[in-house]
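Trainee: From just these sequences and the hints, can you work out the full model?
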Amino acid sequence: WEEERSPRGVRWTQLEHRGPCFAPPYEPLPDGVRFYYDGKPMKLSLAAEEVATFYGKMLEHEYTTKEVFRHNFFRDWRKEMTAAERKVIKRLSKCDFTEIHRHFADRAAARRALPREEKQRLKEEAEKLQQEFGYCILDGHREKIGNFKTEPPGLFRGRGDHPKMGMLKRRVLPEDVTINCGRDSKVPEPPAGHQWKEVRSDRTVTWLAAWTENVQNATKYVMLNPSSKLKGERDWEKYEVARRLKGVVDEIRSRYRADWKSREMKARQRAVALYFIDKLALRAGNEKEEGESADTVGCCSLRVEHVQLHPEADGCPYVVEFDFLGKDSIRYYNKVPVEKPVYRNLQLFLENKDPGEELFDRLTTASLNKHLQDLMDGLTAKVFRTYNASITLQGQLRALTRAEDSIAAKLLSYNRANRAVAVLCNHQRAPPKTFEKSMQALRSKIEAKKQQVAEAKAELEKARAGHASREDGRSEAFLEKRRRRLEKLEEQLVRLGTQATDKEEGKQVALGTSKLNYLDPRISIAWCRRFGVPVEKIYNKTQREKFAWALDMAGEDFEF
DNA sequence: CCCCTCACTTAGTAAACTGAGG
DNA sequence: CCTCAGTTTACTAAGTGAGGGG
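So in UniProt numbering the end of the first sequence lands on 560, straight run, no missing numbers.
Derived from the structure by calculation, the hints contain no laboratory data. Don't take every hint at face value.
As the list claims (entries may be wrong) - Only pairs whose alpha carbons sit at most 25 Å apart, straight line, appear in this in silico SDA-like list of lysine to any residue:
#1 Lys231 <-> Val535
#2 Lys238 <-> Ile391
#3 Lys57 <-> Val215
#4 Lys43 <-> Glu80
Mentor: Laid out in C-alpha cells, this is it:
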C-alpha cells in the first residue's frame with residue numbers, strides 16, 4: 001500500500017489481459033419446443049426466436065405484467081422479425097410463449113439435478129475460464145478482474161417506472177469493444193474471425209475494455225475486482241477525505257447555519273440543501289434527462305411535491321415531511337424536526353411554486369460541489385454520506401459494546417451499529433419472501449427452548465434434593481451435571497432471543513451496502529482487535545480481500 | 001454557464017452455493 | 001444423504017462528479 005506514486009493522472013504503467021469473454025452464441029430451440037401465435041404453432045426465424053426466448057424466460061416475472069415492458073419488448077421484437085413474421089405477429093396478447101418458458105424451467109431443473117461429478121466438472125470449467133480471462137497483470141501484480149464477461153443479450157430490466165424497460169439489449173460483439181492495455185504488452189487476441197473496435201493505451205484510466213450498451217447508450221466497462229491494489233488505494237483515499245472532513249465539519253456547519261440568513265437566495269438554498277445532506281445523509285441529486293429513466297431525485301433535485309411543512313407534528317415544532325423516490329426508486333420517507341430558520345427558508349423556497357417545480361431552483365450539484373471544494377480540498381456532497389456513516393458506526397460501537405459481553409452479544413452490538421448506519425443511509429431491501437415463515441419457526445424454537453429450560457430446572461431441583469439426602473460423591477457429580485446442563489440451555493435461550501431481535505429489526509434493512517461502501521473498515525477492524533472478536537465474524541472472505549489494505553494498517557487504537 | 005461525455009462508485013436483485021437440521 | 005434457509009457471489013443498473021467545448 002505504500003509504493004511510490006506515479007506522475008499526475010497516470011494510474012498504471014503495465015497492463016496485460018485477455019480481453020473480455022463473450023456470451024456464447026444463441027442456441028436454437030429444439031424442435032419440440034414451439035411458439036404459438038393465435039393458437040397456431042409458428043416456426044420463427046433465428047433472430048426472432050432468440051428474442052422470443054428472452055421474453056419466454058421471464059414469463060413468471062412481474063415485469064411481463066407491466067404495460068411499458070410489454071410494449072417496449074414487442075416493438076423491439078418486431079424489428080428483429082422477418083417481413084413475413086411481422087405480417088402475422090401483430091399483437092403480443094396473441095403470443096403464447098408457455099412452451100418456451102417450460103423448456104427453460106425444465107433445463108434449469110435438470111441442471112440442478114445433475115449428478116455430483118457432472119456439477120464438479122462444470123465448476124472446474126468455470127474455474128478454467130476464470131483463470132484464463134479473469135485476471136490481468138497490472139504493474140507486475142496479477143490482479144483479479146471484476147467483470148470479465150460482456151453482458152449477454154436480453155431484455156432491459158430498468159428499476160422503478162423505467163420508460164425503457166423491456167427494450168432489447170443487443171449482443172455485444174468484438175467489433176463493439178475497445179481494448180485498453182499497455183503499449184508494450186501483448187494485445188489480446190479477438191475471437192476467431194473478429195476484430196476489436198479499437199485498441200488503445202490510456203494510462204490515465206483503469207478500465208481494460210469498454211463498449212456501448214444500446215438501450216441507454218451508456219458505456220460499460222471491464223474493471224478490476226475490489227480486491228485489487230488500484231481499487232484498494234481509491235477506497236483508502238475516500239476514507240481519508242472523509243476523515244479530513246471530520247476535522248473541519250464543525251466549521252462548515254457554522255458556516256451553513258450562518259448562510260441560512262444570507263442576503264443571496266442562492267447561498268440560502270445551498271445552505272439548506274447542505275444541511276439536509278449533512279443531517280439526513282441525502283445524495284447530491286444530479287439532474288437527469290427526463291423520459292430517459294425513472295423519475296427519481298436526490299437533494300438538489302427535490303421538487304415542491306416531495307416535501308411538506310408542518311408547523312407542528314407529533315409534539316415537535318417545525319417538522320418537514322419528505323416523501324420521494326431516490327436512487328433505484330427506493331422510497332425515502334422521513335418526518336424530521338428542523339431548526340426554525342430552515343423551516344422559514346423552506347416556506348420561502350416553496351412560495352408561489354407548482355408541485356412539479358424544483359425546491360432549490362437556484363442550486364445545482366455542480367455549484368454545490370464547487371462551493372464545497374472551496375471549503376475543503378476534495379470535498380464533495382457524497383463525502384458527507386461517507387463521513388456521517390463512518391462516524392455513526394464508530395459512535396454506536398462505543399455506546400453499545402461492553403467488554404464483558406460474550407462474542408455473540410458483541411456481534412449483536414455490531415449489527416445494531418451497522419443497522420443504525422443503514423437506516424441513516426436508507427439502504428432498504430425487499431423483506432425476504434420467507435421472512436414470516438422463518439420468524440415463526442424461530443419463535444417456536446424459542447418456546448421449545450423455554451420448555452427445556454423449565455424441565456432442566458426441575459431436574460436440577462430433584463438432583464439438589466437427592467444430593468441433600470445422600471451427600472455422596474455420585475450424587476454430587478450428578479448435581480453438577482444437571483447444573484451444567486441448565487446453564488447451557490439458558491445460554492442457548494439467550495442466543496435465540498438475540499437472534500430473534502436481530503432478525504425482526506433487520507427485516508427491511510440492507511446492511512451490506514453500507515458495510516461495503518460507507519464504513520471505514522479500519523473502524524470495524526480496530527473494534528474486533530480491541531474486543532477480541534475474530535475479524536471473520538464481521539467480514540467474510542471476499543470482504544477481507546477487499547479490505548486487505550485496512551487489515552494491513554489498522555491497529556486496535558485506530559480512530560476514524 | 002450549459003450541455004455533454006466519460007470514468008468510476010454505489011445499489012438492489014437473483015442465481016449459486018453452503019451448511020445445519022431432519 | 002437431502003432439504004431448505006441463509007449467505008455469498010454475480011450481475012448490471014443507477015448514481016456521482018470531473019472535465020471539455022461552445
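Trainee: Taken at face value, is the distance from the CA of glutamate 80 to the CA of lysine 43 at most 25 Å?
Mentor: holds, 14 Å
Trainee: Does valine 215 lie within 25 Å of lysine 57 when you go C-alpha to C-alpha?
Mentor: Answer holds: lysine 57 to valine 215 is near 20 Å, not above 25 Å.
Trainee: Holds or violated: lysine 231 with valine 535, Cα cutoff 25 Å?
Mentor: holds, 21 Å
Trainee: For a C-alpha distance cap of 25 Å, please report whether lysine 238 and isoleucine 391 respect it.
Mentor: Holds: lysine 238 and isoleucine 391 sit about 14 Å apart, inside 25 Å.
Every hint, counting from the list given before, is met by this structure.
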